[in-house]
Amino acid sequence: MLKDKLNDVPHVPGVYFMKDGYGNIIYVGKSKCLNKRVRQYFNKSSNHSDKIIEMVSRIEDFEVHVTDTEFDALLYENEMIKKLAPMYNSKLKKFKGYPYIKILKKGRDSKVFITSDFDSTTEGLYFGPFTSKGTVEEALEFIKSHFGLRMCNRPSNKGGGCLNHQLNRCDGLCRVDIESSIYDERIDQVVNFLLGKDRAPVRILIEQMQSAAENLYFEKADVLKRQLTAVQHILRGGEVLKFAGKYIVVLESLGDSKYKVFMIHGNKVLYSEVLCIDDDWKDKLCNSILEVFSFSSTSISTSNSMEKSTIDTASIIYSYLHSKNERLDFTILPKICIKSRDLERIKVELNKLILRLDK
1 MLKDKLNDVP
11 HVPGVYFMKD
21 GYGNIIYVGK
31 SKCLNKRVRQ
41 YFNKSSNHSD
51 KIIEMVSRIE
61 DFEVHVTDTE
71 FDALLYENEM
81 IKKLAPMYNS
91 KLKKFKGYPY
101 IKILKKGRDS
111 KVFITSDFDS
121 TTEGLYFGPF
131 TSKGTVEEAL
141 EFIKSHFGLR
151 MCNRPSNKGG
161 GCLNHQLNRC
171 DGLCRVDIES
181 SIYDERIDQV
191 VNFLLGKDRA
201 PVRILIEQMQ
211 SAAENLYFEK
221 ADVLKRQLTA
231 VQHILRGGEV
241 LKFAGKYIVV
251 LESLGDSKYK
261 VFMIHGNKVL
271 YSEVLCIDDD
281 WKDKLCNSIL
291 EVFSFSSTSI
301 STSNSMEKST
311 IDTASIIYSY
321 LHSKNERLDF
331 TILPKICIKS
341 RDLERIKVEL
351 NKLILRLDK
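Each residue of the sequence shown is one higher than the one before, starting from 1 at the first, in my numbering.
A portion of the hints provided could be inaccurate.
[Claimed, not checked] SDA-like cross-link-like pairs, simulated, lysine to any residue; straight-line CA separation at most 25 Å:
no., residue 1, residue 2
1, K3, G23
2, K352, K225
3, K225, S323
4, K82, K3
5, K225, K82
6, K268, H322
Keep in mind the hints are simulated off the structure, nothing from the lab.
Modelling step: build the complete structure from the supplied sequences, incorporating the hints.
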């Protein structure tokens with residue numbers, strides 16, 4: 001029965017729903033080619049994990065939902081997983097929480113550390129979410145070293161400070177004779193760095209790496225390169241949050257002078273439609289853009305933190321827009337264009353977008 005049903009699955013993007021013998025949806029997935037992906041589950045030659053084999057043994061039926069584009073499929077899959085909470089989506093997803101950098105500014109008791117427990121009701125600043133805990137740990141090691149932050153847990157009565165200070169790994173802020181205001185000043189410097197306001201540490205790291213390589217200290221250069229990659233990772237991590245406040249227009253080519261247009265703001269797809277390129281397409285689209293974004297600018301809040309329930313959606317949008325997809329491109333419209341209802345400027349940006357896609 002299932003094999004016969006597989007023949008009817010189209011070779012298009014979409015979302016599939018696996019069901020057990022009671023009709024319960026036990027897994028939701030997406031693919032840019034539904035037929036190929038769904039068939040893989042029932043192909044005995046496929047290299048399945050034990051959990052996949054267990055799931056497939058319980059599948060008695062499936063359904064598919066066709067979408068216009070892979071981006072639609074990504075968003076719809078995310079929506080359905082949140083709504084239905086299928087048991088095997090939970091089992092197969094090794095989720096341990098997104099790592100954040102948390103900063104507590106408390107004078108001598110100030111801390112900069114990694115946590116996966118985001119709670120906007122508690123005191124402290126959160127930076128993230130990030131995707132790799134190991135990378136964040138390496139970046140945090142550089143931050144503590146560069147800004148001379150305290151690495152020990154207890155204040156030191158010794159004039160020379162703790163062992164870390166004696167090894168030149170910190171500035172000895174654990175010493176009881178250090179003013180509390182110095183702690184606060186260092187924490188402020190770290191905050192400015194993580195906010196992207198201070199690029200000097202990155203420049204210094206690049207110069208140190210280049211100098212080490214030029215002097216044939218290759219092992220040191222390699223360590224510095226890893227630190228640089230880690231630091232750049234966490235600085236880019238904030239871009240997911242920054243993206244929330246942008247007015248984004250996405251075009252994905254469907255062929256035959258047709259495009260799927262998405263309007264995104266506040267980590268949400270506010271509007272989408274299939275667009276045919278004709279004589280007055282720009283006027284129609286510009287009016288739609290102004291109508292949708294003008295309303296969203298007053299109804300959507302874009303704060304400096306996200307609830308866990310919106311992180312997946314934000315990451316999906318950001319990652320997909322920055323993927324190497326030749327059929328898709330996007331433009332970020334300046335806020336002033338929306339506020340001043342500048343149709344001509346919007347048309348210019350749309351023309352650039354079409355030209356990039358048609359190359």
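Status of each hint after checking the structure:
1. In summary, the hint linking K3 to G23 is supported, as the alpha carbons are separated by about 18 Å, within the 25 Å threshold.
2. With a CA separation close to 36 Å, the supplied pair K352 and K225 exceeds the 25 Å bound.
3. The suggested pairing of K225 with S323 holds, with an alpha-carbon distance near 24 Å, which does not exceed 25 Å.
4. For the proposed pair K82 and K3, the alpha carbon gap of about 29 Å is over 25 Å, so the pair is violated.
5. This hinted pair does not check out: K225 and K82 have alpha carbons roughly 39 Å apart, beyond 25 Å.
6. For the suggested pair K268 and H322, the alpha carbons sit about 16 Å apart, so the restraint of at most 25 Å is met.
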